[in-house]
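> Next come the chains, spelled out residue by residue.
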Amino acid sequence: MLKILQVSPGVTLRCFFDDRFKQEGLSLQLVRPMCKQEAAMNALLPAVLLRGCKSAPDLRAITQRLDDLYGAAVGAQVRRVGDYQTTGLSCSFMKDRYALEGDQVFDPMMAFLQEMFLSPLTRDGAFCEEFVESEKRNLLSAIAAQRNDKRAYAAQQMIARMCKADSFGIPRLGEKEDVETITAQSLYDHYQKILRESPAHIFYVGPAEPETVAEKLAPMFAGLDRKTVTLPPQTGFYDQGGCDETEVMDVAQGKLCMGFATPVTLRDEGFVATQLFNTIFGGGMISKLFMKVREEMSLCYDIGSSYHGSKGIITVSAGIDNNMDKSVRQEILRQLEACQRGEFTPQELEAAKQALLSQLKSTHDSPGAIEGYYATAALSGLPLTPEEYIREVEQATAEDVAAAAKQVKPHTVYFLKGDV
Amino acid sequence: MEKIYYPQVGETLYKEKLPCGLQIAILPRPGFTKKLCYLVTDYGAIHTAFTLEGEKITAPGGVAHYLEHKLFDMPGRDITGEFAALGAVPNAFTSYDMTAYYFSCTENFRENLALLMEFVMTPYFTEESVAKEQGIIGQEIGMNEDSPENVLFETLVKTMYDSHPIRTPILGTRESIAQITPEVLSTCHQAFYRPDNMLLCVIGDVDAELVRDMAQEMMEKLPCPKVESVRSWDEEMKAQTPYVKVNMEVAMPMFQLGFKCEPLPNGAEGVHQEIVGDLAAEALFGESSPLYLKLYEQGLIDASFGGGFETVEGMAMLTATGDSEDPEAVRDAILQEAKRLGETGITEEDFLRMKRSALGRRIRGLDSFESTCFRICAYHFSKFDYFEIPESYRLVTKEHLQEFLQRVVTEGRMCMAVVAPKEVN
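If you read the sequences in order, they're chains A and B. Just so you know, we're using this note's numbering here: the first sequence kicks off at 3 and counts up by one. Just so you know, we're using this note's numbering here: the second sequence kicks off at 3 and counts up by one.
Think of the hints as simulated: they come from the structure by calculation, not from any bench. If you're wondering where the values come from, they're calculated on a predicted model, not measured in any experiment. Cβ coordinates follow ideal geometry from the N, Cα and C atoms, glycine included. Some hints here could point you the wrong way.
Chain B stretches covered by chain A per the calculated footprint, using a threshold of three residues with CB under 8 angstroms from any CB of chain A [unchecked claim]:
(1) 100 to 108
(2) 301 to 313
(3) 335 to 346
(4) 386 to 398
Below, a list of computed lysine-lysine pairs in the PhoX-like style, where the Cα atoms sit at most 20 angstroms apart [what the hints assert, rightly or not]:
(5) A:K97 to A:K218
(6) A:K5 to A:K56
(7) B:K400 to B:K357
(8) A:K24 to B:K357
(9) A:K294 to B:K134
(10) B:K357 to A:K97
(11) B:K357 to A:K419
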């Protein structure tokens with residue numbers, strides 16, 4: 003069961019009680035509007051926080067502390083949720099009951115997480131320069147390494163072009179030139195600012211009572227002179243025109259990415275029907291794209307579509323032979339048109355429903371999935387609990403799905419072509 | 003059915019070997035909605051040489067993976083679609099030493115289980131569909147050739163090993179898969195998809211008796227021909243070539259280091275050696291090690307760095323991989339640190355902390371259906387009961403780690419592969 007507590011102004015604690023797991027999880031996120039000026043800083047911040055705090059001043063000391071807590075894990079969590087970017091830490095740790103007698107994990111973990119979040123190692127009112135510089139190098143190489151995964155790279159290039167006027171086009175980790183200009187001082191000032199003014203969202207899953215968790219975390223924001231700034235509401239896709247581009251690179255397999263727009267977001271009626279449309283169209287191994295374009299016509303190796311419900315964007319990505327892009331894109335559009343005419347069988351609709359239902363029904367079977375669903379839903383504005391979502395899926399009709407498909411319009415194409 | 007309770011991990015496992023030879027393992031998860039079911043065979047990419055009823059056979063590289071793809075074909079039926087209609091997502095993977103078919107579902111468990119056993123145990127290969135698959139797997143090979151991680155690993159093992167079949171990629175090569183015919187696939191299916199070479203593993207809120215009865219009914223009439231497959235290879239511990247480099251479209255050099263280790267025996271002794279290798283890796287270059295901190299602070303490694311002890315049937319190696327502008331410096335530092343630790347040893351405090359951490363992570367890992375099911379299966383084929391692992395940790399001492407580091411992490415057993423950016427003219 004989900005319980006929501008207001009720990010202090012602008013600090014929301016969501017607790018999901020569950021005693022079936024061997025571990026507990028806690029995530030702590032500051033929520034920012036996604037914008038180019040600070041995307042890189044928000045991406046960098048948690049990595050710097052994880053480099054050292056007062057009582058554990060270097061990586062080794064931090065790892066040793068976590069090892070003592072039975073291999074607890076703390077990681078940076080930087081997410082894009084629609085127009086927002088979240089930055090913070092998340093941890094998972096073994097339940098006390100599996101520890102040796104007399105050992106505790108929960109209490110020291112709560113204390114350590116707070117310390118890492120609020121008492122980083124500083125020097126002269128700034129972060130330690132060597133931490134910031136080395137994490138900048140890490141972030142820069144993570145940004146550079148995005149080129150290594152050609153499928154993800156092509157998808158990102160397509161989104162950047164399609165969303166040139168929308169926050170969705172801003173890379174989640176920021177851009178090279180923005181990372182390079184960050185200093186130990188500018189990042190520290192930013193950190194202080196967002197600690198004071200950003201809404202904070204805390205999510206806990208495990209067996210502890212919400213009041214206990216709240217009590218452990220209360221000291222956290224108490225000392226801060228906080229004035230929470232209200233976030234602007236989430237918006238749908240802001241369209242400033244599409245394009246059709248080809249980039250040549252030395253790769254064996256071409257990657258074709260197509261972007262589609264729909265006015266329907268997860269905040270709107272018609273969301274569930276659009277989700278079902280996407281599943282029938284390209285969401286898995288029984289979708290039209292997979293069965294027709296890959297299995298029947300052998301036009302590609304892999305193909306699939308995703309619906310970014312917080313924005314109303316659908317992306318299709320396919321790994322293809324370098325000279326096949328014309329036929330593949332024609333066929334993708336043909337399959338979309340078929341969906342729009344309602345040309346899918348009752349079996350296809352039922353299979354899509356089953357796929358979504360199965361996923362929704364197992365939401366509560368893993369701590370990560372629980373956090374992923376509820377923490378993201380709260381920020382993106384998804385108004386449905388998994389149970390309500392399930393009901394809507396069950397009730398959706400073929401007409402609903404065809405109507406949702408009709409709203410979907412081709413927008414942008416990007417083709418990464420092999421130089422062979 | 004045998005019911006075993008493991009108090010240290012809080013798990014109960016039902017096990018039985020059925021009269022048809024099939025082993026079953028069921029891990030109940032009361033109160034959970036999801037059910038995960040694996041049907042696995044003790045057969046992977048490396049098992050290409052075998053005898054079937056006395057006849058000696060050498061199959062082309064990549065056949066286990068090819069077979070995995072083709073088993074989804076059934077005359078006039080669409081297996082994936084049938085699973086989908088039952089609300090399940092079927093999938094499969096082939097590793098070097100195991101092939102697994104699985105589904106997860108929330109509803110219709112019985113029907114899904116029956117379908118899984120039916121399609122895996124029913125070979126159906128036509129000339130046409132086998133020929134068509136060449137194109138699909140050819141594309142998959144193409145994708146792997148574009149993946150630097152993959153090229154790095156395959157280059158390393160190909161350079162490091164002289165006779166172990168890990169030298170051939172799991173997918174095979176374009177040349178080897180061209181030799182695959184319906185007959186080849188039938189022969190391999192007959193040899194390795196026999197009930198007495200397989201395990202059925204289920205996790206979820208299911209009725210163990212029902213699973214047993216269904217499996218017995220589906221499998222009892224299936225033949226178990228006599229098969230002997232080659233499962234060990236002569237391999238010197240000396241790495242013949244210490245360094246290999248390839249150029250690709252990457253942003254920064256990527257490296258992978260390997261140190262050859264003796265293949266592991268089956269059972270608890272093998273698991274003991276695996277834990278020793280894992281903990282030795284942790285002590286040498288894990289995140290709590292002095293070396294990791296030093297290299298990280300010097301900027302020689304970054305968050306991509308990692309490693310551990312890797313095993314495949316008939317081989318084992320200690321490996322470390324990551325991105326670095328100076329892979330040679332990382333390599334030299336690791337060798338030097340191994341020498342130091344080999345001489346001075348590890349403190350008792352550090353050692354106990356590492357053990358506690360490793361065990362805690364294993365226990366947390368049990369929350370994942372996928373990783374738990376995979377581990378039960380993989381350890382089953384090496385004749386070990388995964389939930390006994392806390393006891394195996396207890397028996398490892400810091401002297402074991404020291405001995406391992408002295409013996410293994412040396413120049414003679416080492417090979418390094420580097421994928422470097424293309425040089426600009």
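> List in ascending order the numbers of the hints, as given earlier, that are violated by the structure.
Those not satisfied are hints 3, 4, 6 and 11.
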